[in-house]
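**Student:** Can you build the whole structure from these sequences, using the hints too?
If you're matching positions, the sequence shown starts at 29 in the numbering used here and goes up one per residue.
Be a bit skeptical, because a hint or two may be false.
To be verified - Below, a list of computed lysine-lysine pairs in the DSS-like style, where the Cα atoms sit at most 30 Å apart: (1) LYS616 to LYS326; (2) LYS365 to LYS275; (3) LYS439 to LYS509; (4) LYS510 to LYS495.
What the hints assert, rightly or not - For each label pair, taking beta carbons as the anchor points, the in silico distance ranges come out as: (5) GLU482 to HIS344: 45 to 55 Å; (6) ILE123 to GLY102: 17 to 27 Å; (7) PRO610 to GLU727: 53 to 63 Å; (8) TYR729 to SER652: 35 to 45 Å; (9) LEU134 to GLY283: 24 to 34 Å; (10) SER332 to ILE123: 43 to 53 Å.
Hints listed in this document are in silico derivations from the structure and should not be mistaken for laboratory results.
Here the structure is a predicted model, which means the values were calculated and not measured.
Idealized CB from N, CA, C, for every residue including glycine.
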Amino acid sequence: MKEMKRRKNKKNKKNGAKISFWFLKKITPILKKILILPFVFVAKLPESIKRYLLGIFFFFLSLFLILSEFKRGGVLGEKFLSFFVLFFGDYTAKIFLPIFFFLCGLAYFLSQYKKIFLPILISFLLINLSLSVFFESLTQNGGISGQILIKPLLKFFGPLLTNVFILLLVFVGIYLLAFLFRKEDKFEIKTSIFKRVFSFPSFKVRKIEPSAPKQEKQEVVDKKETEEKIKTFQLDYQKPPLDLLEKDQGSPTAGDIGQNMAIIKKTLENFGIQVEMGEVNIGPTVTQYTLKPADGVKLSRITSLSNDLALALASHPIRIEAPIPGKSLVGIEVPNKARSLVRLRNLIADPQFQNHPSPLCFVLGRDVSGVPAFTDLARMPHLLVAGATGSGKTLFLNSLILSLVYRNSPKILKFILVDPKRVEFPIYSDLPHNLTDVIFDVQKSINALRWLVEEMERRFGVLSQLKIRDIFSYNKIALEKKIPPMPYLVLIIDELADLMISRGRDMEAGIVRLAQMARAVGIHLVLATQRPSTEVITGLIKANIVSRITFQVASQVDSRTVIDTAGAEKLLGRGDMLFLSPENPKPKRFQAPYVTDKEVQRVVEYLSSKYEKERIESLEEKLSEETGGIEILGSKEEIEDFEDPLYEEAKKVVIEARKASASLLQRKLKIGYARAARLLDILEKRGIVGPAHGSKPREVYIKEDEEWKKV
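**Tutor:** Next comes the structure, spelled out in structure tokens:
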């Protein structure tokens with residue numbers, strides 16, 4: 029019986045072992061996953077959250093050691109404190125370790141450096157081991173580490189030098205820990221602090237990222253040519269005094285810059301984007317906050333968060349420039365709490381404007397840093413300006429005209445001003461630089477374009493006879509031979525849309541012809557519109573005028589129509605603009621100067637008292653011509669003299685149908701709308717059909733009998 033029980037127990041033990049082995053085999057992978065899961069979860073957390081967790085951990089260690097000293101840490105606290113006392117000694121473990129752990133926690137919360145674990149570890153070893161040796165030498169209470177290290181140090185250095193050496197190591201550890209709390213250089217992004225702490229001194233105090241050189245094709249002109257060029261365009265010109273213009277007023281208020289930087293950084297970190305904040309540029313309208321994203325961050329992730337940043341900053345709209353041209357930084361442009369008023373006087377008085385060699389240099393305004401900006405119309409050589417009503421488009425045209433007037437006499441610069449709205453340019457009617465009176469009529473605008481084309485051809489003939497290539501070379505010869513110079517001609521149209529709707533084909537043909545060829549002979553176009561649609565800014569016009577300025581527009585579609593990219597819909601109005609030129613691959617933001625009507629009037633009155641207008645007979649004769657080109661509906665004189673081959677068929681169709689409409693003639697005669705509408709006008713003129721009544725067909729006056737053949 030005993031043998032059977034023994035065998036049975038042995039068998040049960042084997043079965044139990046098998047069951048236990050099977051259970052362990054099944055449960056081990058599950059336990060492994062459960063234990064690893066927290067580490068995997070922590071590893072996937074954003075870097076900022078990891079830092080906060082480590083900071084909390086060090087705070088906990090500091091508090092745990094303090095409570096353990098007062099017997100409030102439980103059994104685990106006593107064991108934990110005993111370990112540090114055994115290893116570092118009483119003084120180091122009970123006084124300095126809690127303080128050190130507390131500072132480490134603060135470092136993880138406040139330090140701007142990315143990698144701080146290694147500096148903390150080195151600081152921990154230097155401070156605590158050195159203090160253990162120091163207290164071991166004084167009180168024989170330095171723990172195991174002090175006892176091990178004191179003997180070789182005393183043997184090699186002696187008591188005095190050992191204490192000096194130990195204190196130096198303590199100060200190095202404290203400095204390394206304190207360095208974590210220093211703010212990063214405003215102009216430099218750090219990846220490791222060891223370069224800064226342990227590198228040799230450098231003569232470069234801070235490393236400023238220079239902007240890439242502008243890609244402008246600067247003309248290579250020696251000193252003598254430049255002096256001659258300036259001399260050529262002075263011509264004893266009595267420039268208007270600067271006292272006629274107003275000075276800058278007010279200063280911009282950007283708000284709390286430090287708080288805004290913290291909000292931007294925190295908002296991006298909430299979406300898992302690590303950035304390092306850079307310099308801040310305060311402009312007249314916006315403040316630009318620059319930042320450098322961490323490696324591996326797509327710029328599209330930052331640009332897609334403009335609405336979230338606007339919500340966090342309580343400021344709208346916010347424009348993100350990613351990247352800033354010439355820099356490895358991203359710019360976030362936040363509207364100022366209070367804008368400063370940019371005036372033309374301070375910009376014209378700037379030495380950069382006064383000493384510019386080109387006669388057609390004009391004022392753009394101030395950029396996002398408040399730096400004055402100028403450009404050269406001769407290099408563009410034509411300009412397209414677009415913007416919604418009230419966005420500052422006309423004020424910019426005023427500043428452009430006054431900029432050119434302050435540089436050039438009426439002998440060297442002539443304007444042709446076209447204002448179909450009859451609102452903006454009448455104030456310039458007495459300006460002696462005008463080649464003719466301000467043009468309001470559509471037909472005169474077409475005739476002015478045709479005269480410019482003829483003048484361009486005449487000038488090319490003059491240049492070819494002299495075997496020279498441009499207007500500057502001609503004026504240089506004119507200065508030497510003391511003959512009248514060839515003036516620059518600038519055509520400024522304030523509302524292109526009105527002209528394009530009425531005479532689109534003729535306007536487009538003239539603009540494209542001049543835009544392609546007129547640069548060399550000193551003819552330049554400035555076209556402005558408040559309706560930036562594809563019907564007004566056609567593909568041909570856009571392809572031939574590459575320099576464009578857009579003010580605030582209604583939609584992203586309008587912005588893309590003008591500058592081929594979004595952004596103009598986020599401008600602030602009142603002169604806030606984007607400038608696109610061949611030299612700049614991306615639009616740049618400027619604040620245009622504010623010019624009042626009183627300033628313009630004072631300048632015009634001053635010049636009109638000094639100079640008289642000069643008229644050109646050929647231009648006046650051209651403007652007085654009443655015909656020119658085929659209009660969509662035609663004028664009365666053209667209708668009377670015009671005989672369409674389909675007139676008889678059209679007359680028969682309307683009399684038989686007893687109604688008249690353009691769509692009827694289109695279907696029956698298989699012609700286009702323009703010709704059908706013209707035939708209807710001829711029929712109405714000859715008394716066959718009545719006038720139009722909205723969408724209703726026209727009434728037919730002639731009956732279908734023998735009388736209609738007499739008509």
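**Student:** Take the C-beta atom of SER332 and the C-beta atom of ILE123, compute their distance, and say whether it sits inside 43 to 53 Å.
**Tutor:** Between SER332 and ILE123, where Cβ atoms are some 52 Å apart, the hint holds.
**Student:** Take a quick look at whether LYS616 and LYS326 sit within 30 Å of each other, Cα to Cα.
**Tutor:** 22 Å, holds
**Student:** Please verify whether LYS439 and LYS509 have alpha carbons no more than 30 Å apart.
**Tutor:** With Cα atoms ~16 Å apart, LYS439 and LYS509 stay inside 30 Å; holds.
**Student:** Given the range 45 to 55 Å, decide if the beta-carbon distance of GLU482 to HIS344 lies inside it.
**Tutor:** With Cβ atoms ~51 Å apart, the hint holds.
**Student:** If you check the beta carbons of LEU134 and GLY283, does the distance land in 24 to 34 Å?
**Tutor:** Given range 24 to 34 Å: holds, Cβ gap about 28 Å.
**Student:** Could you say whether the range 17 to 27 Å given as a hint is met by the Cβ separation of ILE123 and GLY102?
**Tutor:** Given range 17 to 27 Å: holds, Cβ gap about 21 Å.
**Student:** For the pair supplied as a hint, LYS365 and LYS275, is the alpha-carbon distance within the 30 Å limit?
**Tutor:** 21 Å, holds
**Student:** For the pair PRO610 and GLU727, does the Cβ-Cβ distance stay inside 53 to 63 Å?
**Tutor:** At roughly 57 Å between Cβ atoms, GLU727 and PRO610 fall inside 53 to 63 Å, so the hint holds.
**Student:** Does LYS510 pair with LYS495 here, judged by a C-alpha cut-off of 30 Å?
**Tutor:** 19 Å, holds
**Student:** Looking only at beta-carbon atoms, does the pair TYR729, SER652 fall within the given range of 35 to 45 Å?
**Tutor:** 37 Å, holds
Going down the numbered hints, you'll see the structure goes against none, and every one checks out.
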